[in-house]
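Number of protein chains: 2
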Amino acid sequence: MSGKIGILAIGHGSKLPYNKEVVTGVAENIAKKHDDFVVRVGFMNMDEPTIKDALQSFAGTGVTTIAAVPVFLASGVHITKDIPEILGIEDGNNQSSIQIDGQDVRIVYGKPLGAHELIADLVFERAREAL
Amino acid sequence: MSGKIGILAIGHGSKLPYNKEVVTGVAENIAKKHDDFVVRVGFMNMDEPTIKDALQSFAGTGVTTIAAVPVFLASGVHITKDIPEILGIEDGNNQSSIQIDGQDVRIVYGKPLGAHELIADLVFERAREAL
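Chains A and B, in that order, are what the protein sequence lines are.
Sequence positions in the first sequence follow our numbering and run 13 to 143.
Sequence positions in the second sequence follow our numbering and run 13 to 143.
Mixed in with the good hints there might be a few duds.
Each pair may be met inside one copy or between any two copies, as identical chains are not told apart.
Claimed, not checked - Subject to a maximum C-alpha distance of 30 Å in a straight line, what follows is the list of computed DSBU-like cross-link-like pairs (lysine-lysine):
id, residue 1, residue 2
1, Lys-16, Lys-27
2, Lys-45, Lys-64
3, Lys-93, Lys-27
4, Lys-44, Lys-64
5, Lys-16, Lys-32
6, Lys-64, Lys-27
7, Lys-27, Lys-44
If you are wondering where the hints come from, they were derived from the structure by calculation, not from laboratory data.
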């Protein structure tokens, strides 16, 4: 076993194309920068692949752990309840495991983006572009 | 007139505290790093101050232009319709003006965060923290 790490970028999903475009673009950027990680996207609702299908799409990659990270700005019910339920993560826990290729794969659940300095830098850049 | 620039960080708003916490934290971070700008927050719905109240809260600051930036990941109806309406921005345009302290103040409308490299860096950081 290679012990490779997967990253699952989880989007909210939308009837419009923009959320999927952003989450997919972010995942492509991570994959390009970090080619030792296996990167996939999955959507909570309204877009495909679903989170469950995205987890199974790590089949054949040899990942032993998947970091599932919500590409959401802030916490909320989707982050604390809906997505953990889909990932099989119980209350008060931040990990679970699933079977992929007949092997146990550990899932660890990341935090949403939050009020990180990088978000502030990007909002400032968006302000300057508009001026 | 000083020709000072204002930045209005616009949040979605939520019944839960998290969206307001993130948008406020982001605004504080910008204000700390860039003290030549006047930074305020406003919310589209469910939180206060409203966008309209936030615009008027630039009174007394001497700003002549306000960059209104949605702290949203992706575009969508809120970005293309709801928020421009509140800002008085017409279709196909990205600016308007309002009266503050009896003076015309220009409003320019920024883009949402999007699939920027900084978001990818932050999602990758959130993945690594979880591992």
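Evaluated hints:
Within a single copy, Lys-16 and Lys-27 get their C-alpha atoms no closer than 34 Å, and across copies no closer than 40 Å, so neither meets the 30 Å cut-off. Taking CA atoms no more than 30 Å apart as the test, Lys-45 paired with Lys-64 passes inside one copy only; the shortest distance there is 25 Å, against 41 Å between copies. Taking CA atoms no more than 30 Å apart as the test, Lys-93 paired with Lys-27 passes in both settings, with 22 Å inside one copy and 16 Å between copies. Taking the shortest Cα distances, Lys-44 and Lys-64 sit within 30 Å of each other inside one copy (24 Å), while across copies they are farther apart (42 Å).
When the C-alpha separation of Lys-16 and Lys-32 is checked against a cutoff of 30 Å, the pair qualifies only within one copy, where the shortest distance is 26 Å, while the shortest distance between copies is 37 Å. For a Cα distance limit of 30 Å, the shortest separation of Lys-64 from Lys-27 qualifies both inside one copy, at 19 Å, and across copies, at 28 Å. In the homo-oligomer, the alpha carbons of Lys-27 and Lys-44 lie at most 30 Å apart inside one protomer (28 Å), although the nearest pairing across protomers, at 37 Å, exceeds that limit.
Checked against the numbered hints listed earlier, the structure breaks hint 1 alone; every other hint is satisfied.
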